[in-house]
Amino acid sequence: MLQYDVVIVGAGGAGMNAALSASKDSNLRVAVLSKIYPTRSHTGAAQGGINAAMGFRDPTDSIDKHFRDTVKGSDFLADQDAVEFFTTYMPDIIRELDYYGVPFSRDEQGRVAQRPFGGASSPRTCYSADKTGHVILHTLFEQCLKNGVKFFDDWCLLSLVVENGKLEGLVAMDMRSGEIHPILAKSVVIATGGFGRIYWSRTTNAFNMTGDGTAACFEAGIPLKDPEFVQFHPTGLAGTGILMSEACRGEGGYLYNNKGDRFMSEYAPSKMELAPRDVVSRSIELEIRAGRGFGEGMTAHVLMDLRHLGKEKIMERLPQVRELALDFESVDIIKEPVGVRASCHYMMGGIHVQDYKTCATPVEGIHAAGECSCVSIHGANRLGGNSVADVVFFGKYAGLGAKETAQNRSLGNPSLVSAAANEWMSKFSRMRTKTTGNNLFEIRNRMAEAMWYNVGIFRTEKNMVQALETINELLEAYQDTFIGDSSVKYNTAFIHYVEVGNLLKLAKAVAMGAIARKESRGSHSREDYTERNDAEFLKHTLIHKEGDLYRLDYSPVKITKYQPEARAY
Amino acid sequence: MRTITFKINRFDGDRAWTQAYDLNHEEGKTLLWALTKIREEQDPTLNFTSACRHAICGSCAVRINGHAHLICKTSLDEILEIYKSDELAFAPQANFDVVRDLVVDWRPMTERLETVKPWLIPTEDGAADTGFIQTPKDFHKIASPTDCIQCGICASECEQLAENENFLAPFILNRAYRFAVDSRDAAPSEHIRPAFENDLWKCLHCHACVSQCPKGIRLDREIAYLRQESMKMGEVDNAGARHAYAFHDDVQSKGRLNETTLPLKTEGMLKTMRRIPFALRMVRTGKLNPLHFPKAVNGIDGVRRIYAKVKGGKK
Amino acid sequence: MKYGFFPGCTLESAAYELMISTKKVAEALGIELIELDGWTCCGASHIQDISEDLSLAINARNIALGEKLNAPIMTVCNTCTLMLRTAKQRLDEDEEAKARANESLKEAGLEYQGSSDVTHMLWMLLADYGLENLKKKVKRPLKGLKVANFYGCHIIRPPQIMGFESHLNPQSMEMVAVALGAEVVDFDQRLACCGFHAVFPAEKEVMQKTGVNCLSAKDAGADVLVTPCPLCQMQLDMYQPDAQKRFEESIKMPILHLPQLIGLALGFEPEELGIKRHIIDAIPVLSEKLSSK
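Residue numbers (numbering that gives the first Met the number 0), protein chains in the order written: chain Z, 0 to 568; chain D, 0 to 314; chain P, 0 to 292.
Honestly, the hints are just simulated from the structure, not real lab data.
It is possible that part of the hints are untrue.
To be verified - In silico PhoX-like links for lysine-lysine, alpha-carbon gap of 20 Å or less: (1) P:Lys105 with D:Lys308; (2) D:Lys253 with D:Lys270; (3) Z:Lys23 with Z:Lys356; (4) P:Lys138 with P:Lys22; (5) D:Lys310 with P:Lys105; (6) P:Lys288 with P:Lys145; (7) P:Lys288 with P:Lys244; (8) D:Lys308 with Z:Lys312; (9) D:Lys270 with P:Lys244; (10) D:Lys294 with D:Lys231; (11) Z:Lys461 with Z:Lys517; (12) D:Lys231 with D:Lys310; (13) Z:Lys312 with D:Lys270; (14) P:Lys1 with P:Lys136; (15) P:Lys136 with D:Lys270; (16) Z:Lys149 with D:Lys116; (17) P:Lys136 with P:Lys203; (18) Z:Lys544 with Z:Lys165; (19) Z:Lys488 with Z:Lys517; (20) P:Lys142 with P:Lys105; (21) Z:Lys270 with Z:Lys64; (22) P:Lys142 with P:Lys217; (23) D:Lys136 with D:Lys72; (24) Z:Lys23 with Z:Lys145; (25) P:Lys97 with D:Lys310; (26) D:Lys83 with D:Lys6; (27) D:Lys72 with Z:Lys145; (28) D:Lys28 with D:Lys116; (29) P:Lys251 with P:Lys275; (30) P:Lys97 with D:Lys308.
With the rest of the complex left out, here is chain Z (with noise of 0.2 Å):
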């Protein structure tokens, strides 16, 4: 049976960075399983920018101004003690990266540049042109090959094996072979990334963005945090929702209505377009609701105008979202404004972190960080450019937990992990040699439309109710399901049967936490509860799997140092 000190499930930025760190002790033995090849990663997709306090660009920023910012960002539910430890030591995780050889773009003093971008008081995006995720999830992965990590590419983790509260192993298939595999190991951090996925057909989430850390960690026992809080990005291209960058509107992009009109002035007229992406994702929809954008149905959307910017400043800065504007809906923007429209983009929930200095979870061995965890440091909204903060940030604090707590563990019991591997290899078994059943891309895409439609970006009870009825009518017809490939070797098919099974179970918790928050906050705006409720929701949301049984619960928000307030831009 494999064995080993420290697992972690997923490659991308926090993966990896929690890798470089589990192997500072090289008597410990640290693997990494990811379902693909390490560079292909989601963090390889952020494109604007990494958030720190460095005082390049505005030697008056300060640490406290960056955690004030991202408190007031995330609508007062951050817990207060995680984020002043993440803005405080930030600065440093910016020059452990520039020493691993990360090529940021520079200022005029060869330090770091910096870029405005939504929600922040002062400008410290730290960028390399607008490929900011790519060049860090590479440098990671240098790192990685550097340090002789072991990587097990395409294996995909089909579950936890946790027994009273403590993990005993974990069960991963080997794809390429279609052996599932009992996996010992005395640590694991689950950096599996979101959940976009769930709304299939607008995202800008990559294909493999299906929670499965998320849902593992969810039915081994760990609550899921916050999972109502779904972002979605203001400026996804209009016919695909592919991702064009904050940094767009960081550098002086401007949104314009069918008037042409920068209609910004009218929900946030101080931060125009930068302000917070909940509230300029609210604005667009707001705009074509009342019939002031362009086209219609699901590409809707309004324009995003670049020109201004002029030839130089684009191609120096923004070069890639150029190509993407070519490719995907033939507009130059040098030339001509692109439309855009919000798109399914970050879980600020996710799996329920309890110690924010070690990413340790409830169960004993069990760390998470990145985006499939839930600090909380982003609450109800997160603040562009503290995502890639957050995973390289946590990832290596991750590492540097589930370093100690394999160092003060022993490995599990070979039994029980063999036990949850027969019952994969049964299922597995049983899925490939099926005939017939429902079809699981209609089942997926149902998933998804109930999901736009009813819990996007405006929520009110009765459609949201009606979402969760689908969902549960979608989880029974899960239950019989036709994959269509019976092969044992690379079967996708299986893969991606795990994965919509994941998503429904996420869905089902978005859709159970958004109903019962009867309020709006940060990116969960209700129409029937239009204000913020302090005194009845200044709490964490917490979705329990017990079983088929879904419980609710809530826990409270860390407040140190600032006193919610009013949050306006």
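The hints should help you fit chains D and P onto chain Z, whose structure is shown.
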């Protein structure tokens, strides 16, 4: 109704075959749209890798009619127009082992990548707790090379790699270049020497890699730079370097290449003797006149002064 | 129609038949070719491996010689075309590079201005001369001659610099062959590399490619393989016996320069076009397939 036929190379780990799928044409679509539609509506056993859909993850390189493309950003209509056909042939990337259908194995490539130490070897000017200072000009040198998404298209297109598995795929040479020109790297030779030792001079200059790189990276210029640097590092005694210097010296001396002395200068006397049958054939048909020595061109003084001026200005 | 003619080194000796056939074809078509006075080797991608600045300067000089004639520059070698066009693109787009190059050119009493385009005879025929006009000059249609068109890398790649037609599916040679009355044969090495530039450091691989390229044309039923580049012609012709050693199947594929193919259609005899200089004898198949005028 216009039907497009996709002839796809299939492989299940044991057996290989070609399978044809028909799709109704739709405007404004990409090749990824087509494969995804086939998979979801016709054949869930069809395998290919894709993730981001917007040309940053590098997952979806596939050969279409023999040439590798990132299918997420390749317009179906453009490809049909180029080949003037409603039939397209899909195959996995060349020079990779196939896992299943259009899915290839990256592990061997990653191992080859490690040959050039693809990580920063930091200079003493930086430290983990301070980072580095780097000028915008120096950043520009690494801006384009770091666009590389390791899609493997260049490796698939490479005509040398197809014949010689010891050759380092262009994206690996790109990594060597990327660190060799990074002002924060203390040891460019650590990246360049392994490239030189792994058949750097065997690149055919066919430009197949450059032509298909989705990020427009000038791999040809990078490879030329690595060769220049390898010579500066002292590696001048090999066929490739000597061949280059033969041209360099001939142009300075006469302005034209001396084809008779070229093999001698490149390979030395012993190896050139092997080529005697070759040379005799050429003399027989009149192609080679061993007594032909080019005269210096008009204006050769100017050429020599240009050489001097260019070299004078160099570091 | 007047062009500054840049022959390239190989036309002086090993590919002298290309010099002969180019001049004969140009004369027959009424195209004036004025050889650039004092042109030097283009560097052939080898000087580029020693110094980019040097290759830029010597090619700026070559183009400046053409500019003095107030004419566009025409070549008949793929690599020369690529080297000159690469230099030209850099000089036209990068002010600093142009200034530096001109400082060097001043030493030779020359200046690069950017007023002369660089083209290849194949492009010239399609873009400037016109296929319809070419057809009119055909005295002996090449009916029955099956032609495999081997482009050679440097006339199509990279598209950023060459860009005359699609590098994935170029058709210019096929169009010319059809205009001359020949039958075109499709073969899978049509866009492959001949390997000439690496024949010394990579002999084994290049000989393998030489054999494969020729056999591919043969298996497709070609009588001759035609190429617009003397380097490809030399590689596939001169080295064919060496490549043969690695293959059991007999290759024997005659390799023609594009102007030779055109010359045959314009009524010239193979001997007049220097075809007797080839290593692989093309005379038998041409005698068999070509009608008398």
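Worksheet item: Any hints this thing doesn't respect? Which numbers, in order?
Response: Hint check: 2, 7, 8, 10, 13, 15, 17, 19, 20, 23, 27 and 28 fail, others pass.
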